[in-house]
Amino acid sequence: MVLVHLEESLLEVLKYAELKYFRMVSDDDLPNEPLDVAVVEGAVTNEEEAIMIKKIRRMSKFLVAAGACAVTGGLNAIKNISPEGEVESTVYSSPEHVRSGKAFGLNEYVNVDAYLYGCPIDRRELINTLMSLVMRVPPYIPGLTVCMECKMNGNECVFLTRGELCLGPVTVGGCSALCPSNGVACEGCRGVLKGTNPKGLELAWTNAEISPDLIRLKLRKYSDVYQVPAR
Amino acid sequence: MSTGFENPYVPAFAKVVEIKDENPITKTFKLKMVNGEALRFRPGQFDIISYFGVGESAFSISSSPEEKDVFENTVRKVGRVTTALFNVKPGDMLGVRGPYGKPWPLEKVVGNDLIIIAGGMGLAPLRPVIHYIAKHRDLYGAVDILYGARTPGDMIYTYEFESWKNIPNTRLYLTVDYVPPNTKWEHDVGVVTELLRYVKPRMRYTSVFVCGPEIMMKFTAQLLLRMGFFPSEVFLSLERRMKCGIGKCGHCQIGYKYVCKDGPVFNLEEIGLLPDVIE
Amino acid sequence: MFIKEDARYWKLEMSFVLKREELPHFSKHIVSKGYSLFAPVKKEGRSAFKKIGEDHVDEISLDYIRTTMPPLKALLIPPKETLLRIKDGRIEEVLPNPADKIAIMGVHPCDVNAMSLLERVYTDRPEDPYFKARRNSLLIIALNCKSADEYCFCTSFGTGPSLDEGFDLLLTDLDEGFLVEVGSRKGAELVGDFYMPKALSTDLMEKDETIRRAKGMIRKHVNTAGIQRIMTGALYNPIWNELAGKCTGCGACNMVCPTCFCFNVVDEIELDSGSVLRSRTWDGCLLWEYAEVALGGNFRRDLSARIRQFVNHKMNYWLNQYGALGCVGCGRCIEQCPARIDITNVVARLRGELL
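Going down the list, the sequences are from chains A, B and C. For the first sequence, position 14 matches number 131 in our numbering, and the numbering has no gaps at all. For the second sequence, position 207 matches number 373 in our numbering, and the numbering has no gaps at all. For the third sequence, position 82 matches number 138 in our numbering, and the numbering has no gaps at all.
One or more hints might be untrue.
[Stated by the list, open to error] So, partial list: chain A residues that the calculated Cβ filter (under 10 angstroms) puts toward chain C: (1) Glu129; (2) Ser249; (3) Lys268.
If you're looking for bench data, these hints aren't it; they were derived computationally from the structure. Beta carbons: idealized from backbone N, C-alpha and C, even for Gly.
Build out the structure end to end from the sequences listed, making use of the hints.
Structure follows, in structure tokens:
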């Protein structure tokens with residue numbers, strides 16, 4: 118939906134590209150012609166979706182996974198560690214209508230060419246990614262941490278000053294440290310940055326006498342931090 | 167805006183005058199400065215090319231230093247900037263900064279025999295050396311060029327090999343790791359260091375210039391030292407991430423050396439004790 | 057003897073006392089001279105440097121030990137700054153306007169000394185015109201420390217708690233108010249038309265006593281004797297692997313370090329104008345990407361190698377590169393490390409002074 122909120126910027130980008138299909142905006146069917154770029158949001162949670170994403174992959178030259186769900190499975194992936202159906206029955210009144218198994222990012226099923234991290238994705242990163250594709254080069258998102266951006270914004274550390282469990286130290290930056298800059302600990306929605314050490318963070322929290330249950334919960338919120346890094 | 171300072175981050179414009187396909191993933195770009203000035207460089211130096219909107223990247227200058235009004239960069243498609251360069255057409259404008267870095271010590275090794283060892287793209291910063299020697303042939307003793315690549319199709323500058331062989335007292339040995347079926351290949355198969363068996367060096371009077379993938383340089387350096395070459399006479403050209411080329415951005419540091427200004431050419435004595443030299 | 061007394065006399069001539077209640081007026085005076093004024097302001101118990109408007113001079117609070125953000129680095133090399141704007145085949149330098157005068161008040165000695173170190177990097181040839189332009193238009197009103205906390209270790213490098221040079225004006229917090237010492241012509245001009253009584257020799261004695269007290273509060277220490285040989289000898293010490301188990305790899309130390317100068321450069325397209333903006337952003341050696349090259353090659357693949365680079369750069373390589381150690385003992389990297397890694401502790405262990 119960030120794409121819609123781009124408004125005028127989207128129109129600028131569309132000077133260089135033609136929008137063929139936009140599921141959130143119109144109900145048209147997936148077009149049958151090949152696409153240069155497909156930007157796909159959402160996790161894959163059932164077989165139909167898996168077939169759909171494979172179809173999209175086949176018809177598009179460049180596939181962008183946009184948003185936490187498409188990148189790592191996102192918040193949905195919490196249910197991957199509970200028995201099937203348990204999470205659904207806590208959330209929905211009639212869970213028998215829910216057709217959803219384990220939730221995975223797109224790269225569980227297909228090759229993904231580029232990622233747009235976070236929930237929601239960053240507007241500037243979306244524009245940069247689309248413009249890179251217009252220039253026919255691979256997009257680039259700098260590999261720094263949320264923690265670094267937070268420091269650049271001149272914030273005080275929410276963990277060190279208030280003991281809040283912040284995932285900023287190990288999370289892919291690019292969001293301008295939106296949450297900690299507003300006094301809220303980073304939830305890690307952008308996934309783990311390659312080269313950071315979540316074990317070190319777990320140790321730091323353990324040393325701060327945080328309960329192991331709470332630590333596990335925090336580290337798992339947006340998919341397991343010990344999985345393959347998001348970037 | 168007039169500043170009173172010269173801004174080292176401002177590239178000059180260069181026009182692409184010719185693009186040569188070296189192999190499917192490598193091209194050589196011939197560039198000419200728009201301001202009409204020559205890019206005065208010495209063999210082994212590098213420049214930083216801008217594709218505006220995508221970014222900058224450092225490349226060895228690969229043409230003959232004798233050529234005054236044009237210069238060349240050989241580019242393999244491996245990342246963002248190089249992908250952008252592959253979309254460039256003759257007549258397009260690029261940005262150029264440089265030349266930067268310490269060149270091969272061609273003055274210092276005058277009178278010596280030279281062994282030039284290159285792997286894959288590593289021939290790019292050595293090509294100016296070969297052209298320089300051809301022009302100033304009497305300054306150096308015997309010259310042996312050992313070049314290895316993954317397959318015959320991965321080699322670059324193949325169109326110049328004949329002329330290199332014709333430089334007096336110069337030999338060119340070629341090898342590849344692998345010859346694909348139905349490919350004509352009359353030279354060696356194996357790693358580039360094996361070509362050293364053809365060379366009968368006079369240790370005390372021989373300097374070695376090496377450039378190639380890290381792993382190749384690592385084994386070559388080890389072998390050369392075991393053969394008895396002086397560490398001060400074995401020179402490597404190193405590759406590092408660079409964002410400025412002028413010793414500010416910090417990325418290219420190895421120990422206390424900056425690859426951009428103390429290198430990219432180092433002898434083994436200089437880098438022997440530094441950490442993180444070879445991956 | 058004569059010369060020493062002469063210096064003392066000169067020092068008195070150029071020293072004044074600013075009454076505590078006069079500080080807002082003096083700050084207004086600075087702003088009225090056309091300076092953008094930056095000074096520390098307290099918020100929720102922590103101090104940070106802010107731009108001070110004429111109406112907010114009352115908020116300045118010079119009673120602080122350390123800000124998280126290194127103030128001079130943030131002013132001279134902003135975390136993100138546009139270098140060039142490229143449009144229609146023209147390159148425009150986005151240089152700071154030399155007419156924009158900046159004054160910063162209340163910077164502690166460690167930070168002023170850190171700036172001198174940054175100066176060595178950025179004015180080493182070829183000079184960085186962005187740094188240089190800002191440095192030229194910067195007026196520094198430093199502030200000697202009257203207290204220290206458990207993270208300070210400036211005495212190890214002679215970079216605090218007092219300052220001898222590198223300032224335009226130098227303040228010391230005394231009982232009555234602030235001792236104001238003049239360190240440059242720019243500084244003299246600023247106090248020239250603002251009335252302050254001359255300092256007495258007792259004021260200078262009180263200053264010495266204040267600094268002595270501050271020194272006494274410093275608990276941390278790095279033994280720098282022969283430190284290069286020790287650090288180089290410890291390049292392959294198992295300590296780096298051990299630290300890599302604790303370190304989160306977040307790079308906060310890089311950001312808050314007043315001498316960390318690395319940057320990344322990116323091009324972005326400004327959609328409405330169609331121009332390309334080339335900007336630089338603070339970068340850090342703790343990051344994976346920092347030493348990555350084409351095709352996924354990486355010369356500091358292990359976190360242990362990256363921690364080693366950070367510590368050795370400060371405590372070893374700087375000396376070869378710029379003739380001074382790259383640490384000023386401000387304590388920020390220790391205070392801000394989520395993993396509680398302590399660089400003084402690392403050095404002490406490598407020296408065998410601690411287990």
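Problem set entry | Interface restraint verdict for Ser249/A against chain C (beta-carbon cut-off 10 angstroms) | Given a least distance of 9 angstroms, the restraint on Ser249/A holds.
Exercise. Regarding the hint that Lys268/A lies at the interface with chain C, is the smallest CB-CB distance below 10 angstroms?
Worked result: holds, 4 angstroms
Exercise. Does the nearest C-beta of chain C fall within a distance shorter than 10 angstroms of the C-beta of Glu129/A?
Worked result: holds, 4 angstroms
In the structure shown, no violation is registered for any of the earlier numbered hints.
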